[in-house]
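Take the sequences, apply the hints, and build the full model.
Take 340 as the starting number for the sequence shown in the numbering used here and just add one per residue.
It is worth saying that the hints were derived from the structure and are not from the lab. Please note that a few of the clues may not be correct.
Unchecked claim - Derived pair list, reagent style DSS-like, types lysine-lysine, alpha-carbon separation capped at 27 Å:
no.: 1; residue 1: K402; residue 2: K495
no.: 2; residue 1: K424; residue 2: K409
no.: 3; residue 1: K392; residue 2: K409
no.: 4; residue 1: K495; residue 2: K392
no.: 5; residue 1: K409; residue 2: K502
no.: 6; residue 1: K424; residue 2: K402
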Amino acid sequence: MSAPADSIEIQNVVASTGIGQELDLEALATDLPGADFNPDNFPGLVYRTQEPKAAALIFRSGKIVCTGAKSIDDVHEALDIIFGKLRDLGIPVEDSPEVTVQNIVSSADLGHSLNLNALAIGLGLEDVEYEPEQFPGLVYRMDNPEVVILLFGSGKVVITGGKTVDDASAAVERIVDRIDDLGLLG
340 MSAPADSIEI
350 QNVVASTGIG
360 QELDLEALAT
370 DLPGADFNPD
380 NFPGLVYRTQ
390 EPKAAALIFR
400 SGKIVCTGAK
410 SIDDVHEALD
420 IIFGKLRDLG
430 IPVEDSPEVT
440 VQNIVSSADL
450 GHSLNLNALA
460 IGLGLEDVEY
470 EPEQFPGLVY
480 RMDNPEVVIL
490 LFGSGKVVIT
500 GGKTVDDASA
510 AVERIVDRID
520 DLGLLG
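If you want it as structure tokens, here you go:
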């Protein structure tokens with residue numbers, strides 16, 4: 340049987356960058372084919388790349404948030420496409436602006452169903468939120484790595500708040516150890 344850490348899949352990488360100057364989003368919306376700008380609904384311009392699939396939220400301040408990518412490489416590739424499009428429009432963008440990963444959302448399968456009521460008590464109520472009538476998962480805040488794990492009765496988990504790909508693996512290994520130590524695995 341494969342280890343739960345082997346089942347980890349990145350679902351979304353959110354990263355931010357900036358080009359260090361103000362942008363005229365109205366003009367950019369006109370000049371950038373496929374851009375979506377509706378300031379009544381959202382203050383940023385949304386530009387989607389297809390390959391890799393991601394969305395860039397471009398703000399007037401020059402800040403850019405990339406979301407929807409499935410890997411850190413995809414984030415860099417999508418942002419390179421966007422930087423190229425901005426340069427093509429005569430907007431100066433330095434060669435490789437700093438990109439900061441804000442959040443990696445991953446999923447995994449522990450391979451066993453979980454008793455969430457017992458887990459809520461066993462993991463310690465100070466680190467747990469579990470209100471099954473509000474949300475079907477148990478929310479567990481882990482300190483090292485600093486992530487939030489959503490645990491579901493099916494044994495599926497979602498790890499959010501990671502800054503590196505390794506954070507998800509470390510979190511899954513730690514939570515499996517904790518659940519096993521509590522005698523609640525399997």
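Cross-check of the supplied hints:
Taking the CA atoms of K402 and K495, the gap is about 35 Å. The hint is violated against a cut of 27 Å. Restraint check for K424 and K409: satisfied, since their Cα atoms lie roughly 22 Å apart, inside the 27 Å limit. With a CA separation close to 8 Å, the supplied pair K392 and K409 stays within the 27 Å bound. The suggested pairing of K495 with K392 holds, with an alpha-carbon distance near 25 Å, which does not exceed 27 Å.
With a C-alpha separation of about 14 Å, the suggested pairing of K409 with K502 holds against the 27 Å cut-off. For the hint linking K424 to K402, the alpha-carbon distance of about 15 Å falls within 27 Å, and the restraint holds.
In terms of the numbered hints stated before, the structure departs from hint 1 and from no other.
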